[in-house]
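Visitor: Sequence:
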Amino acid sequence: MKTIISIFIMALSISNTFANDIVIVEPSTDVLDQFLDEDISFQNLDSLSDVLNIDNQKYKKYKPKEFIRQSPTTPKKLYAVLKKESHLHSLESEKVISNPEKIYVNAREVYYGGKWSYIYNKDNKEKYKTLTKNLVFIEEVIKLRPTIPGNETYPMQSKYNIVDSNIPFEFHILYRNESTNYSSFNILTDDSLETAASNSLSLKGYFNSLLPIDIGFVFDFQTGKAEGESDSVTWKSFSIGPTIKYDFYKTGNFTFNTQFAVKKSLFFSATSSESEANFSSLSWQAGLESVYHTKYGNISLGFDRSFIRTSTKGELPGQSSFSNEKETMAQNAFTIGYQYTWML
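Counted the way mature numbering (1 follows the signal peptide of the UniProt record, and there is no 0) counts, the sequence shown spans residues -19 to -1, 1 to 325.
Among the hints, erroneous ones may be present.
In the DSS-like style, the derived pairs of lysine-lysine whose C-alpha atoms are separated by at most 25 Å in a straight line are [claimed, not checked]:
{"hint": "1", "residue 1": "Lys231", "residue 2": "Lys245"}
{"hint": "2", "residue 1": "Lys276", "residue 2": "Lys245"}
{"hint": "3", "residue 1": "Lys294", "residue 2": "Lys231"}
{"hint": "4", "residue 1": "Lys294", "residue 2": "Lys226"}
{"hint": "5", "residue 1": "Lys108", "residue 2": "Lys185"}
{"hint": "6", "residue 1": "Lys103", "residue 2": "Lys65"}
{"hint": "7", "residue 1": "Lys206", "residue 2": "Lys217"}
{"hint": "8", "residue 1": "Lys76", "residue 2": "Lys124"}
{"hint": "9", "residue 1": "Lys64", "residue 2": "Lys103"}
{"hint": "10", "residue 1": "Lys76", "residue 2": "Lys114"}
{"hint": "11", "residue 1": "Lys276", "residue 2": "Lys294"}
{"hint": "12", "residue 1": "Lys83", "residue 2": "Lys106"}
{"hint": "13", "residue 1": "Lys106", "residue 2": "Lys124"}
{"hint": "14", "residue 1": "Lys185", "residue 2": "Lys106"}
{"hint": "15", "residue 1": "Lys114", "residue 2": "Lys124"}
{"hint": "16", "residue 1": "Lys245", "residue 2": "Lys206"}
Think of the hints as simulated: they come from the structure by calculation, not from any bench.
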């Protein structure tokens, strides 16, 4: 009996010790563990592929990302400065040359950010290669420059258009040295008068219009003297009239023009030692002029010829009325002047 009780006690102690060594494991939620724990018949391989689906795994194989150019292209050809003493390697041979001075070339990198770059020849073909550090690409700088070609000439635009708010006004001041055959003065003296010498100060103004001809006005103040053997005649006159000007040739800083004017005397008196008289005159004047343009104004030289129609006004002192026959005389003049333009 004692033996049976001892065996029972030993069995209980052994079972308690084994129970303390057992660890309870919770069911795994991993797909692979669940697959291994399940009873599956491997007679049908399709059942294995249905259960072990890689797409349903919680963790997938990691693939590191890499930079891929979305639209890979060849580097563009750009305008660049090739530095002085750069080594150029010929693509057709093993020849290496260098440039003594910096030059402008068309070039492109072999690869984006690459160590080497190609240089194009005049036929737009790759001819040499050089280190990219020898090039300074200036394409963006060129874009800032004006796009108007510097080697082309354009026809001169018209002086004005319909939106011009200002009209240029040319002012001319001229000194005239004249020689005139004033036969009308013979009524003031018994001497035979030679060709008279006179000087004039002329003021001209022209409005530059849309027409090729400029229209203006002229004021002349003249003094002169005609010498005879024993007597002389001096005179003064003031004339006014319209004038036109046409610039027919331009080159560099020079302009050549032709002018025409009609002048009527407002005051014309002549005096000799014997008598004095008042005259009326109407003159037609045509001339050529060359103008040199400067930033301070224009200098002019010219020559003109006038035809003057004169008649005597009133009576000579101490004489009866005389014939008032009109006479025509010729006058030649050399001119020098200054011109300036204002905007009205």
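Visitor: Against each hint, give a clear statement of whether it holds in the structure.
Guide: We went through each hint and held it up to the structure:
Taking the CA atoms of Lys231 and Lys245, the gap is about 32 Å. The hint is violated against a cut of 25 Å. As the CA atoms of Lys276 and Lys245 are separated by approximately 35 Å, the hinted pair breaks the 25 Å bound. Annotation: proposed proximity of Lys294 to Lys231 is violated, straight-line Cα distance about 45 Å (limit 25 Å). For a cut-off of 25 Å, the pair hint linking Lys294 to Lys226 is broken: about 32 Å separates their Cα positions.
The straight-line distance between the Cα atoms of Lys108 and Lys185 is roughly 67 Å, outside the 25 Å bound, and the hint therefore fails. A C-alpha spacing of about 20 Å is found between Lys103 and Lys65, which places the hinted pair at or below 25 Å, so the restraint holds. Between Lys206 and Lys217 the CA atoms are separated by roughly 9 Å; this keeps the pair inside 25 Å, and the hint holds. In summary, the hint linking Lys76 to Lys124 is not supported, as the alpha carbons are separated by about 35 Å, beyond the 25 Å threshold.
At roughly 19 Å between alpha-carbon atoms, Lys64 and Lys103 fall within 25 Å of each other, so this suggested pair holds. Proximity of Lys76 to Lys114 is assessed by CA-CA distance (about 20 Å); at most 25 Å being required, the pair is judged to hold. The hinted pair formed by Lys276 and Lys294 fails the criterion: a straight-line CA distance of about 47 Å is larger than 25 Å. For the given pair, Lys83 sits about 20 Å from Lys106 by alpha-carbon distance, which is consistent with the 25 Å threshold.
Between Lys106 and Lys124 the CA atoms are separated by roughly 23 Å; this keeps the pair inside 25 Å, and the hint holds. This hinted pair does not check out: Lys185 and Lys106 have alpha carbons roughly 65 Å apart, beyond 25 Å. As the CA atoms of Lys114 and Lys124 are separated by approximately 22 Å, the hinted pair is consistent with the 25 Å bound. Among the hinted pairs, Lys245 with Lys206 is consistent with the structure: their alpha-carbon atoms are about 20 Å apart, no more than 25 Å.
The structure shown violates the earlier hints numbered 1, 2, 3, 4, 5, 8, 11 and 14.
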